[in-house]
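Novice: Listed below are the residues making up each chain.
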Amino acid sequence: MLSRRASLILIAPAVVLLGLLFLYPLSYSLIWAFSDEELGGWGLQNFIKAWGLYSRDVLFTLIIVTLSTLIIGAVSVAIGGYLTLGENRVALAVLRTLYRWPLFIPFVVSAQLMRTFLAKNGMMNNIITSTGLMDPLAATSFLDWRGIVITFVWKQTPFVALLVAGAMAALDRSTIEAARNLGARRLRILLGIVVPQVGTTLMVGLILSYVVMMSVLSVPLMINAQTPTMITVDMAWRINAYSDYGVANALGFITYAMTAVIAWIYLRQGVREGGRPQ
Amino acid sequence: MNILRTIVIAVLLALLAFAIFGPITNLLIWSVAETWYFPAKLPQSYGFAFWERVFRPQGNAMESLGNSVLIAVFTVIASLAVAIPAGLALGRGKLPWRSAFLLLFLLPQAFPSLAVHMNIARIFYSLGLNGTYTGVVLVHTIQGLVFSVWIATAAFSAVDRELEEAAANMGASPFTVFRTVTLPLALPGLMASAIFVFLISLDEFTGTFFVGVPDVTTMPLLLFTASMEGNYQIASITALILLVPSVGFMLFIERFLKADVLAKVGS
Numbered sequence: 001m002l003s004r005r006a007s008l009i010l011i012a013p014a015v016v017l018l019g020l021l022f023l024y025p026l027s028y029s030l031i032w033a034f035s036d037e038e039l040g041g042w043g044l045q046n047f048i049k050a051w052g053l054y055s056r057d058v059l060f061t062l063i064i065v066t067l068s069t070l071i072i073g074a075v076s077v078a079i080g081g082y083l084t085l086g087e088n089r090v091a092l093a094v095l096r097t098l099y100r101w102p103l104f105i106p107f108v109v110s111a112q113l114m115r116t117f118l119a120k121n122g123m124m125n126n127i128i129t130s131t132g133l134m135d136p137l138a139a140t141s142f143l144d145w146r147g148i149v150i151t152f153v154w155k156q157t158p159f160v161a162l163l164v165a166g167a168m169a170a171l172d173r174s175t176i177e178a179a180r181n182l183g184a185r186r187l188r189i190l191l192g193i194v195v196p197q198v199g200t201t202l203m204v205g206l207i208l209s210y211v212v213m214m215s216v217l218s219v220p221l222m223i224n225a226q227t228p229t230m231i232t233v234d235m236a237w238r239i240n241a242y243s244d245y246g247v248a249n250a251l252g253f254i255t256y257a258m259t260a261v262i263a264w265i266y267l268r269q270g271v272r273e274g275g276r277p278q
Numbered sequence: 001m002n003i004l005r006t007i008v009i010a011v012l013l014a015l016l017a018f019a020i021f022g023p024i025t026n027l028l029i030w031s032v033a034e035t036w037y038f039p040a041k042l043p044q045s046y047g048f049a050f051w052e053r054v055f056r057p058q059g060n061a062m063e064s065l066g067n068s069v070l071i072a073v074f075t076v077i078a079s080l081a082v083a084i085p086a087g088l089a090l091g092r093g094k095l096p097w098r099s100a101f102l103l104l105f106l107l108p109q110a111f112p113s114l115a116v117h118m119n120i121a122r123i124f125y126s127l128g129l130n131g132t133y134t135g136v137v138l139v140h141t142i143q144g145l146v147f148s149v150w151i152a153t154a155a156f157s158a159v160d161r162e163l164e165e166a167a168a169n170m171g172a173s174p175f176t177v178f179r180t181v182t183l184p185l186a187l188p189g190l191m192a193s194a195i196f197v198f199l200i201s202l203d204e205f206t207g208t209f210f211v212g213v214p215d216v217t218t219m220p221l222l223l224f225t226a227s228m229e230g231n232y233q234i235a236s237i238t239a240l241i242l243l244v245p246s247v248g249f250m251l252f253i254e255r256f257l258k259a260d261v262l263a264k265v266g267s
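Protein chains in written order, with the numbering used here: chain A, 1 to 278; chain B, 1 to 267.
Check before you lean on any hint, since a few could be wrong.
Derived lysine to aspartate or glutamate pairs resembling DMTMM-like cross-links, with alpha carbons at most 25 angstroms apart [to be verified]:
id	chain 1	residue 1	chain 2	residue 2
1	A	K49	A	D36
2	A	K120	B	D160
3	B	K41	B	E162
4	A	K120	B	E164
5	B	K41	A	D144
6	B	K94	B	E229
7	B	K94	B	E164
8	A	K49	A	E37
9	B	K264	B	E162
10	B	K41	B	E165
11	B	K94	B	E162
12	B	K264	A	E38
13	B	K264	B	E165
14	B	K41	A	D172
15	B	K94	B	E165
Worth flagging that the hints you see were computed from the coordinates, not collected in a lab.
Predicted, not measured: the structure shown is a model, and the values here were computed from it.
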């Protein structure tokens, strides 16, 4: 058994590393965001400039990331729900081996996959037109905001679905069986009994995905070459083209704020539902 | 009714399979396409000429691959060097404010990382670490830190204390107990964390984008550059090289990360 002192010594290197490479740059980002380079001292100058130049992109980012998060949540619940309540053994086995594939595929690879797949002459349009469901002339490129959402959903759903399916598998089956014996339909059981019990896991998975998507640079750069675009692209642009750390960090602070709002909504929900997240 | 339901399930699964494997198939086709012009649905000619270009010893793809592997190896070493002691303290020690420490390591996951990365790059610039391997390894290490520390903690927590006590009762010194009992039993979990960190480093884009340029090019950066230049064959081959370990890890993770360790994550 390690003593208190030995434990503190052992954990020290990891904490120092975290302090130097995360807490220190994080505080730097706040300082740069709120300092006024022209007049000196503190000010909101960077935010005024950032908002003037990029308010559309901020809104665009918020809509894209929120929409992706909602779709990821719905698909994850559907996958987890079928894995928990489904009865067709073949379908269960197929689904179980199928849904996890993109789990560890990096964003930059996902973006390259989608860049060719969703293009006007990409495989998706080719197959849809070959089946006769769409006229070849009506084919359009999905490489815009829809492409970003599709890539995010493709890449992040397995992660949330894995968490949700795990939580659902660990549930006490007796309430599910009771509802089933009373004749409840499976959709009703899923939404009324299963989902409320895995709510915390679902929300944690979705919030983690939301934060990750908020800071992806490769996907908007590779999928969406037009304006409006996501603010990660603007941050990289401010730094690489102008070395403008003030505006870049103001935009960075906006991403923190958009994340904090979501976390706050979740925590408030937890308080309202009985004082503690389940 | 039952047949109808079966058909609906089959159609939905087929759509899901198309959504997941369609993009991957498209990538595979691109990687062996020598010429593929609009409006052809499939390439006009196939071949491995671009593979030769990628794997030419003096080509920049091999250099990027070498860089990526080298950086990933050093990232694993750096991560384990701090995560094993930390995991031991969190999983086995009498650490005060234990849950606060666990949460502290989770903190980087709570902030959008890009905004932090660009400031790391600025700090590194003043220290002369930009464009160096050390700088890139440090950025990758901090990204993998939460996973390496949490998994190491879980791995040490899952070791049966009675075995350690038995060894200690037979007269083994604390270090011998650690070396012969605790460490071997925690090894599968530590291996999982090492592989995971290796993969995080191999796939990392944003941190390298800010800290590595212009001197250190890794596979993800090469993929990005090739794709933006419209060189889809090179981009697809590079993407494929990164895809294989990712999918392999997904298929084999359960072998490394046993349920007893998984159950202890975060507890």
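Novice: Run every hint past the structure and note whether it holds.
Specialist: Outcome of the hint check:
{"no.": "1", "hint": "K49(A) / D36(A)", "in the structure": "holds (11 angstroms)"}
{"no.": "2", "hint": "K120(A) / D160(B)", "in the structure": "violated (58 angstroms)"}
{"no.": "3", "hint": "K41(B) / E162(B)", "in the structure": "violated (65 angstroms)"}
{"no.": "4", "hint": "K120(A) / E164(B)", "in the structure": "violated (63 angstroms)"}
{"no.": "5", "hint": "K41(B) / D144(A)", "in the structure": "holds (22 angstroms)"}
{"no.": "6", "hint": "K94(B) / E229(B)", "in the structure": "violated (55 angstroms)"}
{"no.": "7", "hint": "K94(B) / E164(B)", "in the structure": "holds (16 angstroms)"}
{"no.": "8", "hint": "K49(A) / E37(A)", "in the structure": "holds (12 angstroms)"}
{"no.": "9", "hint": "K264(B) / E162(B)", "in the structure": "holds (18 angstroms)"}
{"no.": "10", "hint": "K41(B) / E165(B)", "in the structure": "violated (68 angstroms)"}
{"no.": "11", "hint": "K94(B) / E162(B)", "in the structure": "holds (17 angstroms)"}
{"no.": "12", "hint": "K264(B) / E38(A)", "in the structure": "violated (52 angstroms)"}
{"no.": "13", "hint": "K264(B) / E165(B)", "in the structure": "holds (21 angstroms)"}
{"no.": "14", "hint": "K41(B) / D172(A)", "in the structure": "violated (51 angstroms)"}
{"no.": "15", "hint": "K94(B) / E165(B)", "in the structure": "holds (16 angstroms)"}
Going down the numbered hints, you'll see the structure goes against 2, 3, 4, 6, 10, 12 and 14, while the others check out.
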